[in-house]
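Starting from the known structure of chain S, arrange chains V, C, L and A on it as the hints suggest.
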Amino acid sequence: MYVGKKKDEKVKVTCIIYTSEHFEEQKVKSIDDCFPLKDKPAITWINVDGVHKLDKIEQIGKQLKIHPLALEDIVHTGQRPKMEDFEDYLFIVLNMLQYDEEISEIKTEQVSLILGSNYVVSFQEDEGDVFGLIRERIRADRGRTRKMGADYLAYSLVDAIVDHYFMVLEKVGEQIEDIEDELVKNPTPEVLHTIHSLKRELIYLRKSVWPLREVISRLERWESPLIDKSIDIYLRDVYDHTIQVIDALETFRDMLSGMLDIYLSSVSNRMNEVMKVLTIIATIFIPLTLIAGIYGMNFRYMPELESPWGYPMVYVIMLAVGLEMLTYFRRKQWL
Amino acid sequence: MYVGKKKDEKVKVTCIIYTSEHFEEQKVKSIDDCFPLKDKPAITWINVDGVHKLDKIEQIGKQLKIHPLALEDIVHTGQRPKMEDFEDYLFIVLNMLQYDEEISEIKTEQVSLILGSNYVVSFQEDEGDVFGLIRERIRADRGRTRKMGADYLAYSLVDAIVDHYFMVLEKVGEQIEDIEDELVKNPTPEVLHTIHSLKRELIYLRKSVWPLREVISRLERWESPLIDKSIDIYLRDVYDHTIQVIDALETFRDMLSGMLDIYLSSVSNRMNEVMKVLTIIATIFIPLTLIAGIYGMNFRYMPELESPWGYPMVYVIMLAVGLEMLTYFRRKQWL
Amino acid sequence: MYVGKKKDEKVKVTCIIYTSEHFEEQKVKSIDDCFPLKDKPAITWINVDGVHKLDKIEQIGKQLKIHPLALEDIVHTGQRPKMEDFEDYLFIVLNMLQYDEEISEIKTEQVSLILGSNYVVSFQEDEGDVFGLIRERIRADRGRTRKMGADYLAYSLVDAIVDHYFMVLEKVGEQIEDIEDELVKNPTPEVLHTIHSLKRELIYLRKSVWPLREVISRLERWESPLIDKSIDIYLRDVYDHTIQVIDALETFRDMLSGMLDIYLSSVSNRMNEVMKVLTIIATIFIPLTLIAGIYGMNFRYMPELESPWGYPMVYVIMLAVGLEMLTYFRRKQWL
Amino acid sequence: MYVGKKKDEKVKVTCIIYTSEHFEEQKVKSIDDCFPLKDKPAITWINVDGVHKLDKIEQIGKQLKIHPLALEDIVHTGQRPKMEDFEDYLFIVLNMLQYDEEISEIKTEQVSLILGSNYVVSFQEDEGDVFGLIRERIRADRGRTRKMGADYLAYSLVDAIVDHYFMVLEKVGEQIEDIEDELVKNPTPEVLHTIHSLKRELIYLRKSVWPLREVISRLERWESPLIDKSIDIYLRDVYDHTIQVIDALETFRDMLSGMLDIYLSSVSNRMNEVMKVLTIIATIFIPLTLIAGIYGMNFRYMPELESPWGYPMVYVIMLAVGLEMLTYFRRKQWL
Amino acid sequence: MYVGKKKDEKVKVTCIIYTSEHFEEQKVKSIDDCFPLKDKPAITWINVDGVHKLDKIEQIGKQLKIHPLALEDIVHTGQRPKMEDFEDYLFIVLNMLQYDEEISEIKTEQVSLILGSNYVVSFQEDEGDVFGLIRERIRADRGRTRKMGADYLAYSLVDAIVDHYFMVLEKVGEQIEDIEDELVKNPTPEVLHTIHSLKRELIYLRKSVWPLREVISRLERWESPLIDKSIDIYLRDVYDHTIQVIDALETFRDMLSGMLDIYLSSVSNRMNEVMKVLTIIATIFIPLTLIAGIYGMNFRYMPELESPWGYPMVYVIMLAVGLEMLTYFRRKQWL
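Read top to bottom, the protein sequences are chains S, V, C, L and A.
In terms of my numbering, the first sequence opens at residue 2 and continues consecutively.
In terms of my numbering, the second sequence opens at residue 2 and continues consecutively.
In terms of my numbering, the third sequence opens at residue 2 and continues consecutively.
In terms of my numbering, the fourth sequence opens at residue 2 and continues consecutively.
In terms of my numbering, the fifth sequence opens at residue 2 and continues consecutively.
Just chain S, same shape as in the assembly (with noise of 0.2 Å):
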């Protein structure tokens, strides 16, 4: 059962056959379109964009010899990265992250692979993908993919998966820095909703990236046939690569909670000075008060309200205690 959201767009399926000398790519219905080539030297690198369409889905199974609970795990997307031998083939299930500029979101998308002796199936839920660098250097044949094997167009697919994380934190970097720089000079609830928003995005990342690293960690120490010696060294770099993704997603936490400190301590800071100061005013105004009520008292025998200096004194009293409070304050250092 497909799990994502219903769409009516159609399976895609593109197949792309190269030798060191020969290339070949080509859109095809029927995946044995594929196959001309089988158990020929050449490298078979098939990507399926759309998994929604169970029929299709489980046709290109059958003609894989996809074990139902790889395919299952195929379609039934928001698996956790995973890394299954099959003996004939290695089955891998990363994630996607694509960063959705207008909406401001990760786009999180299912990618598997299906890794065999001299071919690639790659299943993705949407079209658009990570992948466009390696078609190209494909083509053109630049880099090493066209003189390696299977293995190596694998490694590469999983490799730009794991450099497009990088380019997902840059943009969650950048929204960090922004928010520090609110934070500063204006901390509304609503830079709280934001830094508790990003909290949530490195949570889901985290739960990509974590067993990703352990994907990549099996992938290089597994005894297969189907992964060369020689891919090790490649395997051990992507492995630091997601490592560094980890190690920037711990920073990223860190900073966040850092910040949240700081909001805290900000608006209780504001807050703080506002009743501070409203406070002090109240104070230093209540004692006049009291002094004005007394010369507002109606006794008969009361010698200061005849003096003509009675009225004047009192402003001078009055200006006399405001000071002095005024000065209280201050030395206290609460102004």
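Honestly, I wouldn't trust all of these hints.
Given that identical chains are not distinguished, each listed pair holds provided it fits within a single copy or across any two copies.
Unchecked claim - Derived BS3-like pairs: lysine-lysine, alpha-carbon spacing no greater than 25 Å straight-line:
#1 Lys200 / Lys186
#2 Lys63 / Lys230
#3 Lys148 / Lys66
#4 Lys172 / Lys200
#5 Lys63 / Lys148
#6 Lys186 / Lys333
#7 Lys172 / Lys108
#8 Lys277 / Lys333
#9 Lys208 / Lys172
#10 Lys230 / Lys83
#11 Lys277 / Lys186
#12 Lys28 / Lys66
#13 Lys66 / Lys41
#14 Lys41 / Lys30
#15 Lys63 / Lys13
#16 Lys30 / Lys13
In short, the hints are calculated from the structure, not lab data.
All figures in this text were calculated on a predicted structure; none of them were measured in a lab.
Here is chains V, C, L and A on its own, set in the frame of chain S:
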């Protein structure tokens, strides 16, 4: 000693016997009726609903030659998920979770499995379980169950239980989303209590799932003639599912603690706002009251009192002071 | 050097000797009286109550040829649970917990076990223990104890101690539920202190149980002729129980820290409510006081003062202002 | 380069040579004087007080053929506890803790041990150590030291250091209990500072003890001809003691963080109480002031003013309002 | 692709060739000039300052036959510390830290080492490093460097980098002490920002040191003909130093979080004090204002107003009330 709630319900024993050709299902009185095919290639699944009648369970235990310690664990529900190898059979304890819609609560029920060479015995606390689909598949000979051994049946039962965890998680996820909305709209102390009761539910879930992960991992790596190598790939699949459950639990936990932060800060934000506006009002009126007090004094010589413009001037001064304070507050961004 | 409280009580030595046919129990003066059956197939259980009389313990140690370091650990109570193999015997240190209902406190007592080939010696700090049931079972020849070796007796003692942990946990659980109710009704600082003292109790419990887990796990995996393979399954059972105790402790700890959060937030909620209502009252009356102050001024030309409607109009204005503020507060949901 | 405080004190070298029959102790100038018995079965313990004179230490190092790196660690105090095997000798670095009663502080001193086949060299930063008991035992031929090899002597030194940790812990425990009392009686900011300085002390202690645990564990498992198998049981005993020290440290840490919570909540409780009572007083008087203000107004037509009962009635009304508010507050449990 | 800041500076290559007898140092244009002694027993140390000129680095890489992936890591600075074995050479990436006094900030620079059988190549981002002492030692033939192989030289470089960490830590320690003083004297929000920026610095330091620990530990355990057994003890020494750095970092982190607690509690203490004193003043004056208001009422029959003692009596009453409240507050310890 049975530790759950006392009940008068009868212990119900159901017996399903099948080969790839044959199928038989009956409610039995004595467990002996279930073993006509013993030592024959048929697979027998005995399901026992209710473990509160000690004598009945002991009798079943004696007939199946179950070790007293295992029997104790069956009856003394509330066990931690675990797996024990008693050579003739494997003993597996699991927690079956069901979400009770009426009281919005998760119900835990202990399921104990005995996996012999050609039989599986399942003990449940109550009637009602998550094995309906498996029974139907056996009856209608759909899927692989009828073609495989007792180990596959045991796997199917474990798989059904773990799959049901996802449904429980979905319900918890819905509740979390509900609170999230309310958190923004109206942060009442009730929200806090709901967050905490959800947290507790997650604690209980974690207590069920973490040891389950261990149990399944041990099952997969276990060298026992009772589990065929071909079952390993299925067990690895269930294992992946438990890891996904754990991942989801961790994510929920992180989300809940983030929501706690938001709750606390929005409560204090609200309070701060209340205090601020109120204090501002008080502060504006206190100097005005002083002015009124001053002209309420009874000094004989107060020239302002005699002037016909005195009274309206006081209003002008009060307005000026009030507006001045308002602009000051606005400039300081306290309003 | 004995480190517990000094006491004058005598050291009491009890001796139980049994085979599957024979049983004998007596209080002895010298430990030599206990070994008439040595090298015979009978099992001897020597229980020593009181480890404060150094000479007595040393004498027992010499008779049993206990290593000085083990003897030191027996006397110097407050040891961490541990297991040592001295070849001729295993030395096991455990903490026996008992809940003292009167002072609502957990009492810890160190129990040291010496497991030889056909004898068990148990050292306790005080009289009174959790082994009553075992003694009765031996006397009445119920259960398996009389039929099994010294290793089973040692297991029974450990099992009795661990089983008693559950009773202590139950008491702690009851206390937690009691506070939980009070937390909602009346969050006083006393509740906080109770939460903290419960937290401390859990810390002490954890200190007893975590190393115990290790001890039992090592006992199970230990290759010693003193422990028969058939005992392993029983040890695994005790092991599962300690894990359950640890699980319960962790759950209690999580619950307590959740309760701390609720306490703090309900205290601040209460305070906020107090401050809010009080400030509202103050804020409503301050403008009214200003109005009264204005008409208390002594200006000669104040037309309102001459009007017969002036006085009642002031009341109307005050009412209007007061009601206006109340509706404003209500609209802002501060009331 | 020596990194501790510069001093003029001399380096003091003491030499103890013993067999089970013979004993000799002397303060020597040159370390050569200590080896008349070299290659004979006697055990030599050379103790060096003061590591600040580089030439002296280098000279000792040359005579004993100590590796330059080990020598560097001896002089460059502040090392992490560690153990190195240089084949001819083991090199052990430890921290000796002493509680300075006068300034209520823990003093750390690095002790470096060289354990050869028949000699032990101990380097200390200052005079004054925790080895007094060991010296007396050797002199008086009490205990096992004289009968055992250099490895037992090294064990004794390590054991003496670890045993002294308990005395330091006891002092820390006393300090914690002192604060605990004060926390309830009078939660001043000084208490907070004491809690934090205790926390820091625990951090330093942990830094000494955790690697020590490792060192002793490695010593026990180390396959070296320098450590006899018979010493293992003693090392295991020291190991248990370090674990107990670590346990105590963790408990202290938990207690301190609990005390921090109590401090913070009792400070805020106190503040809340102050604010509450004060605000209540203010709130009661504000309506009364309004009443007084109303009858201070100068309207010509105010019938109450003419009435002889007006004045006493105002008092009655004020009393009624004040009592009403008091009962309201009391009913709301704010008083 | 080089990812650091663009610069126009030239790439500087320096070459040091030495045997125990011979020494030569020169700035070279082409790296070929450095290998006149290749395959001879001389040790060659090539230092490259500046990795921003891709063509230059690639050319060096080709000459030294460095694997493209290693070359990529050299140029793409910001790598995690790591060690790779390429059989012919070991590739080590480290972070060199330097404290920039002027801007009070830690500067990180990536240093990549290539350790061949008789040569070491070091790549640095900028001129200026911590290897001055090593160069001098080689020139003057002090220490062991000239007598040992390339592996010892590589160790020396790593050791110099790690030793410099202590100087950076010292600077951080000084900053922490500075804040600590200010925290007590004047807890401003700036202190909070400094604490947080120090925290972030510690995070970056940890990111450099933790993987370094791993690198050195792997180097020590690595079975490679390029590292002689005799170097192991030196590597273990560097390893101990990294552990000490990590310990110091953890201690600093604990201290900073303790300081955060103190900051927050002293800010709230200050605020509480302000609020308390101010509220006390307000509370004392409010009842006095009421008294003045009462005698400002215009009732015709107020006997006090007629009395010649009325006015002074009011002062007496006000004084009495004021003093009474002050003593009450003092008794409650609010003053």
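Hints, one by one, checked against the model:
1. Lys200 / Lys186: Close inside one copy (21 Å) and across copies (21 Å); limit 25 Å.
2. Lys63 / Lys230: Between. Shortest inter-copy distance 23 Å satisfies the 25 Å Cα cut-off; intra-copy 30 Å does not.
3. Lys148 / Lys66: between (27 Å within a copy, 20 Å between copies)
4. Lys172 / Lys200: Both ways: lysine 172 and lysine 200 sit 14 Å apart in one copy and 23 Å across, limit 25 Å.
5. Lys63 / Lys148: Between. Shortest inter-copy distance 20 Å satisfies the 25 Å Cα cut-off; intra-copy 30 Å does not.
6. Lys186 / Lys333: Close across copies (13 Å), not inside one copy (28 Å); limit 25 Å.
7. Lys172 / Lys108: both (13 Å within a copy, 24 Å between copies)
8. Lys277 / Lys333: both (13 Å within a copy, 13 Å between copies)
9. Lys208 / Lys172: both (18 Å within a copy, 21 Å between copies)
10. Lys230 / Lys83: Both: 21 Å inside a chain and 20 Å across chains, each within 25 Å.
11. Lys277 / Lys186: Classified as both; 21 Å inside a copy, 20 Å across copies.
12. Lys28 / Lys66: For lysine 28 and lysine 66, the Cα distance is within 25 Å only inside one copy (21 Å; across copies 41 Å).
13. Lys66 / Lys41: within (19 Å within a copy, 34 Å between copies)
14. Lys41 / Lys30: Only inside one copy: lysine 41 and lysine 30 sit 22 Å apart there, 49 Å across copies, limit 25 Å.
15. Lys63 / Lys13: The answer is within: 17 Å in one copy meets 25 Å, while 43 Å across copies does not.
16. Lys30 / Lys13: within (8 Å within a copy, 55 Å between copies)
Hint violations for this structure: none, all hints satisfied.
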